[in-house]
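Note that the protein sequences, when read in sequence, are chains A and B. Position in the first sequence (first residue = 1) + 1012 = my numbering. For the second sequence, counting from 1, position 127 maps to 115 in my numbering; every step adds exactly one.
Read the hints as simulated data drawn from the structure, not as lab findings. Backbone N, C-alpha and C fix where the C-beta goes; we use that ideal spot for every residue, glycine too. Do not take every clue at face value.
[To be verified] With the Cβ distance kept under 8 Å, some of the chain B side facing chain A (calculated, not the full set):
hint, residue
1, Val7
2, Asp47
3, Arg148
[Claimed, not checked] From the derived model, a few chain A residues whose C-beta atoms are all more than 10 Å from chain B:
hint, residue
4, Tyr1070
5, Asp1238
6, Ser1260
7, Thr1545
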Amino acid sequence: MRTRPSPALSFVLALLLVVLAGCASAQPSGPPPSGGELRIAMSAGNIPFPSTPPNEGYEGYRFVGNNIYDGLTRLNLDQASTLPSPQPSLAESWTMSKDLTTWTFKLRQGVKFHDGTTFDADAVIFQYDRLRTKTFQYYDTKSAASAAALFRYFKSWRKIDNRTVEIKTTKPYAWLPWDLAGIFYPSPSVVKQYGNNDYNKHASGTGPFRMTKYVDGEEMELTRNDDYWRVPVKLGRIVLYPQPEPASRLSMLQSGEVDWAEVPSPDSVDQLKKEGYQIEMGKYPHGIMPRFNMFRAPFKDNLVLRQALNYALDREGTAALLNNVGYPATEYVYDGNPSYTKNTPGYSYDVEKAKKLLAEAGYQPGQLTLTMAYPTGGSGNMYPDTMMQKLQADFAAIGVTTVLKPMEWNTIISIGLDGLQAKQWDDIDILWASPAAGMMPTGFSASFFCNRPGGLPNAAGLCDPKIDAALTAASQQADVASQYKYLQKMMDVALQNAYFLFWMHDLNLRVVTSNVHGYVQPQSWWVDFTQITVGKD
Amino acid sequence: MLRVAITRIGMAVPILFGVSIIVFLLMNVLPGSAEAGLVSDDMSAAERQAIRDELGLNDPMPLRYLHWLGDALQGDLGYSAQRRRDVSDLLIQAWSNTAVLAIVSAVFGISIGLWLGYLAGTRRGSLIDRVTGVLSLSGLSIPSFFLAIILLAVFAGGLRILPSGGATLDQGLWMAIRSLVLPVLSGSLITMAITARVTRASIVDVAGSDFVETLRAKGLSEFEVRRHILRNAISPVLTTSGVQIGALLGGSVLVETIFRWPGMGLLVFTAISARDLLVVQGATLVIAVTFVLVNLVVDLLQAWIDPRVRGAVS
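Pulled out of the complex, with its shape left as it was, chain A reads as follows (with noise of 0.2 Å):
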């Protein structure tokens, strides 16, 4: 009689086979060094590259590039007590024309790359050439198109010698510090060598970690750099693991996986306390600001309508919603911000004014419908199925009826790229937005600015000449203090003029196990992970 193996035992076999194929790669990390090891559970739905600039948004800068890199400017991420602004970094000083247009940096010197090669000026000029000369042999388009926000207002930038650099801008600009802060310095050795390709695998930067290990979609782990210029670092090795589910990043702290977990379910906070975990959270400049479609009715030229519906919000009830992990905004940044004004009132929950101001508007209850698009998740978007479904009861309260248009993440970015000005997303009344708001003030261009610092017109159709005369003068004032007088100014037309949907700020949420020590956490989307400490409690 025949034999011949089943089809299950051919499973089994081949099974064994793929499995001890996967092992045979085996490249265990080894014990974690003197510090502990951090392993962080991401709420982005892969590994940030780490390029320069990295994706994944601010998650990337926080986890990746403020890691692996350095800017000429660093922002101040080690205290809790005020908005993290720009400080010495590669460049131990500058100095700046009275007319703010030529800056002249210098160079902190004995600095290496994690290849073992120096950082001098030639770096410095090799980047910004590699990110905004056409012509260069290293020019990289794809990191061009996302760095070009930061190169806003660069004219021109040349090596005066080995230890400074001058950068000129295209005019009076006070915040380009600001902008330094997020561009990195690749070592020029490892890009000519690996090309701009294939550089992420070999990635090499001045920062205090070195990527020692980085597969994408699984995994990358960081080790200190044991050379690092600015201060000794503590924690030995961070572990990145992408996890864009609340309830797995929460098995996974759970489970003693990681360390770390960013935004777990609300749900699940005061359980989280029980069991002794920390709970960190604090005000921070994130908040959900939707935006009205000023480029026509029901918006344009209608102040009361928009008083009326920021009148309708109950902030409380989605605060409760949320467990309060979010509290209610006033304005547009959060108190304590530095552009925060005291001068007017935000928006109270008041049913009975917003009925008032509905019908001065024109509207009777039930005369209104407004479609409004938010996204289905996405990092830094709190829980908008959640909260979209609050406000529109709160409208509902006031006889406004709101169609809900959930959309995926890319879609809404999509949206703010074309302006609801764009045939196809012109039927929508108000869009979600989630502002790092106040975080730096470069970041209130976009959305403030009659015509956006590229030459498009404000996505929303927003358009005040006195925001722009004030957001233009804060720019261009040497004195920081100068500089928020005039935003806080601008806040104030903001807010008086109902430009936003006023809505919630961010509590930024994130719980780590007791056994992490000597964490900050800062009011800022970024963290400094130097001096953390991980072992027994």
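Starting from the known structure of chain A, fit chain B onto it as the hints suggest.
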């Protein structure tokens, strides 16, 4: 048999061609844009055009498709600007991860389903038949993502006896097996349920055939009779298994997301979200080829096992 195989592969070519055109057209009618994740919202119109040029998005649609097709025929699936990697690299990594999960899920789901279906079919009306009925109905009704989250909460978050996922093949065999348990349980439930139902139905059908009575009349033992029944009943089971394996090899977005398993499902989902056309096109091609090949293997297997099928195929 070889001729059959070649014919079937030949028939697959227009299918793959059609699939690639449909996916290409669908991706182009989706709202949103491929450059959205690559640029900031305060860029200039010229900068946006430059990156669109770089991605080839300004070319007419038919030309873009022909470019892609020409390169693909030469083995070049392109470079993903969104992931900064060669598409073929991405596909190899994702497909290997999915293959491990799919093969284990298929072996587990089909074996258990076959066994349950066999027991239920040969013991109609018994307790095991009723239990199998409930199990298979539950398997078809419980969404895999729901089961996945419950399993995670209980075994990873609560009891802490299993990892919450991750393709940890580089951390040794034991860790690999442990990290496979929960995703396999979640992913194979439907396969198990379908296999059990089809096997039971097929066995019940065959068991009522005249030849079974003849075998019994000849004096064959009940074990021998059941062996004959199973062999005759296996054909529909193989067909559904082929479809199931094909689906598993296509990857499951939900299971892969929840268990941090970077396979084909997750790759396609993130690529669609980012409007990463080259990755979506490449992945679709790989999934379609996998489906065609798996079904070809199943057809050949059927022909090998069942002479009646062999005649029909030839």
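So, going through the hints one by one against the coordinates:
1. Val7: With a minimum Cβ separation of about 23 Å from chain A (threshold 8 Å), the hint on Val7 (chain B) is violated.
2. Asp47: violated (16 Å)
3. Arg148: This hint holds: Arg148 (chain B) lies near chain A, its Cβ roughly 5 Å from the closest one there, short of 8 Å.
4. Tyr1070: holds (12 Å)
5. Asp1238: The claim holds: Asp1238 (chain A) sits with its nearest Cβ about 25 Å from chain B, beyond 10 Å.
6. Ser1260: violated (5 Å)
7. Thr1545: It holds; Thr1545 (chain A) is separated from chain B by about 24 Å at its closest Cβ, greater than 10 Å.
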